[in-house]
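Protein chains: 2
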Amino acid sequence: MTARFQSFDDTADRAASGPRIATLRAELARRGLDGFIVPRADRFQNEYVPPSDERLSWLTGFSGSAGTAIVLADRAALFVDGRYTLQAREQVDTGQFEIVQVTETPPHQWIETTLREGQKLGYDPWLHTVEGAERLAKACAAVGASLVPAEPNPVDAVWADRPPAPLGAVVTHEQKFAGEPADSVRDILAGLADIREPGAFESDLKALGAAHRNVRLDAAGAADAIARLVAAGGGKVRRGPDPIALMKAVKNATEVAGARTAHRRDGAAVTRFLAWLDREAPAGRLTEIDAVEALEDFRRDTGVLKDISFPTISGFGPNGAIVHYRVTTRTNRVIAPDGIFLIDSGAQYEDGTTDITRTVATGQPSEEMRDRFTRVLKGHIAISRAIFPEGTTGAQLDSFARAHLWAAGLDFDHGTGHGVGSYLSVHEGPARISKLGTTALKPGMILSNEPGYYKAGTYGIRIENLVLVVEAPAVAGAEKPLRAFETLTLAPIDRRLIAPAAMTPDEIAWLDRYHADVRAELSPQLDDATRAWLARATAPLV
Amino acid sequence: MTARFQSFDDTADRAASGPRIATLRAELARRGLDGFIVPRADRFQNEYVPPSDERLSWLTGFSGSAGTAIVLADRAALFVDGRYTLQAREQVDTGQFEIVQVTETPPHQWIETTLREGQKLGYDPWLHTVEGAERLAKACAAVGASLVPAEPNPVDAVWADRPPAPLGAVVTHEQKFAGEPADSVRDILAGLADIREPGAFESDLKALGAAHRNVRLDAAGAADAIARLVAAGGGKVRRGPDPIALMKAVKNATEVAGARTAHRRDGAAVTRFLAWLDREAPAGRLTEIDAVEALEDFRRDTGVLKDISFPTISGFGPNGAIVHYRVTTRTNRVIAPDGIFLIDSGAQYEDGTTDITRTVATGQPSEEMRDRFTRVLKGHIAISRAIFPEGTTGAQLDSFARAHLWAAGLDFDHGTGHGVGSYLSVHEGPARISKLGTTALKPGMILSNEPGYYKAGTYGIRIENLVLVVEAPAVAGAEKPLRAFETLTLAPIDRRLIAPAAMTPDEIAWLDRYHADVRAELSPQLDDATRAWLARATAPLV
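In order, the protein sequence lines correspond to chains B and D. Quick note: the first sequence uses the working numbering, first residue 173, plus one each step. Quick note: the second sequence uses the working numbering, first residue 173, plus one each step.
Among the hints, erroneous ones may be present.
[As the list claims (entries may be wrong)] Below 30 Å or equal to it, Euclidean Cα-Cα: the simulated DSSO-like pairs (lysine-lysine) are:
1. D:378 - D:292
2. B:627 - D:652
3. B:652 - D:627
Please keep in mind that the hints were generated in silico from the structure rather than gathered at the bench.
Please take these sequences and the hints and turn them into a complete structure.
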């Protein structure tokens, strides 16, 4: 068996947190600190943190992708958002940690009602952004306490078997995939990007502060430690958005062509998976983990899979309703032949990053399921077909994905789409389709289009394709340059879950046309049996 | 002839601005000021300013509803937005004032490139909000200049024939219209609202600052002078949104009932006007002013008209394309029998404020006109029919009004809707339907629904009804409380401008149902001839 990218261990160790928090408290006392903040973060503010930075999980047992703990001498709290409240209660020793809903009581607010005058709350300046640290400092100051840097990180001091930091080789992304030579990035950064040892970073930052009066820094994204080192060198931090983010978000012609190629390749792998699932699921023996492994194997068969984009979300029935579900050996469910199975996955190829969700009926779907799926599909199609003037933001489009759910008193509690990198992070700013998406959508941007519906404890539905912002075809009499989306993702959408009577002729035409494209693009890559399956799966709706 | 509310004088006096600016400069020199800022504002930051506060118009000749002038010793600039650029060039002596597009170069940016170190720029702290004054002060500081209060206002010192301030009697809005006793407002303000002489305001503010350590103030809405007086009294200004704005925006049951009554009454007056227009326009002798006067007279016939909500926008052909057009004796056009006439008007009744726009074909409309009108109507209907969960903001709905225009490469450069007061300002915050509308829509709020399309130099289209946010009827299986709009405005929408083939069955059903409601509600109030006209105007579309 191949070593796969995804593992399914449940790393939570509830019993360990008692002794661990005790040693941490002793360390804090030794340093004269009254408390310490433990965010889930590394020094690069990455979305996915390496094992060596999983301090929050080590200390609390909580393995979710977002959270913060504050440990004081006599009490401790774990702050998580709504999607993780249940998971936190299962994984964490609530005798040690109170679980706090972060949207109701964020850490800074908890600090204001909990810390006492004169107390010192430690933080690791590498693990908080400039703005994040400011918010905490302000909360401490409001009660006469103070936020003080604690370096080296006190958790590291007591974490005996801490894994080593990742040590991968630096690889140049070839120009045939990137579209530009690696030097061009160095040119932009004007000499700053000569590759140096990590240890030189701190002294370089001080030198930068000394050499330049003003150093621009993205206060919402850069570690507070960076600002402190620039200031220590005598520099003044000027705040401004990271200019590289927008450059990355707008893909060049090579990246766009690569994305199309990657999606044709990935679509064939996903289609082989969907055909396999249809064949195997009726026996009622497949599990969520089986599905993840099979899908990774189909992608590996392409011969060019570099990694998965993120841990596959593979949820049957009630597990499908957990938006950020990650299957473990403990939660693994059989994909029974009588429900809905949701699978959200992606691949990293050198020519592009993919991200696709399909929701599949494994038996006769109920009328309610078909109604919900059709509403989600109508929202998905509304985004796909949107035509909008230059300058339009994702916030202005987001509601098109929701209107048909709203009409039934339903909604989904996440954005409609996120930006996607090119052989980079599958979640990439600054553009997104969400009510918070204030960045104008520019041709070359790649975003996800993923409305959903989640019936807690019962089932989940999500239909996700990646779309590319393009110039819309010219319209006679148009007064403004128009933009539209080109759908990149190629894989059938389960017709068994659609209520055709609820679809408009335009929506049916979109679906049939999409399925015809899927069939035309993927068939040449498939074996006879899968090709025949795809022909059935992409037949006209009515 | 009755004295009407609206006048049509062109008050612009281009020749006067030379001598006036000269006397202002002499006054500034006498006070040691290098310049002075003249906004169009009164000390209450009202939208409509009384003649005694029309300093900008007096100084520059510009009579638009928004603008700012800065006068320096050797140059002067008038800042206006896109809708007023043309008008400003016509009204203002451009030898005295350069006309600056405010969205391209706002005053604070102009200051940064124009003022010199050590210069003193005067401002009247009563005419700028706290935030506005801060922005100007920051710009001055950036170039080593300073923003200094200039009281009394230097313009007033040289404005020889300045009209007296308005001196109307204080009238209590009766409880049968307001739904609450006047005392309840006083209770909210806890003793602050005892009616006092205007002259006592300044000393009261100082006393307030002295008596209370913290004084809450809406920095985006309150005059900078108020913050200065609180501070002079020793108080500390705490910034926060005005708590009364949201209370006013959510109408109580009496106000809602009053709004319905007012709209039935107003709809009958507007319908009499539309029937009259249809009868008279073919002769080709009516002018835009005739239409304004006739409409005001039909409203006056109700016997309870207290005022018009705002100067009626009455634009035929090219004038209809000017979004904030105000007809004067100089611009007045004949309503020819071969085009489109747009009329946007409103009435103030004690039980409610109305605001309605109708666009009428006075001849055989072109195919393009019908296409554009139909797209605007489809957007209007999309807002009218929207169903959305509790907590949804106007920003989330705005695009529904635009999607059909976007598809043709068209748009309109204003928000879809504004809040409306109850026998108060026709433009009322905080809720609005626009991409800037971040306030959740609550049952009881009244907003306008007014998408449009403007073909510069040719014609303008706008369809405006007022809508009331209501609880939507229960839907089986709904997981969230739903909101919807109830349309308050009652008057026919010109069927001659609609292309039925471009309408969906749902849209046609909405229109026919709306027209049936209009007919049922208004017919009993109309004479036979108008009733017959209304029956034709509200016949089913196809």
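Quick rundown of the hints versus the structure:
1. Simply put, residue 378 of chain D and residue 292 of chain D have alpha-carbon atoms about 26 Å apart, close enough for the 30 Å limit, and the pair holds.
2. Distance check on the hinted pair: residue 627 of chain B and residue 652 of chain D sit about 13 Å apart at the alpha-carbon level, within 30 Å; holds.
3. In summary, the hint linking residue 652 of chain B to residue 627 of chain D is supported, as the alpha carbons are separated by about 13 Å, within the 30 Å threshold.
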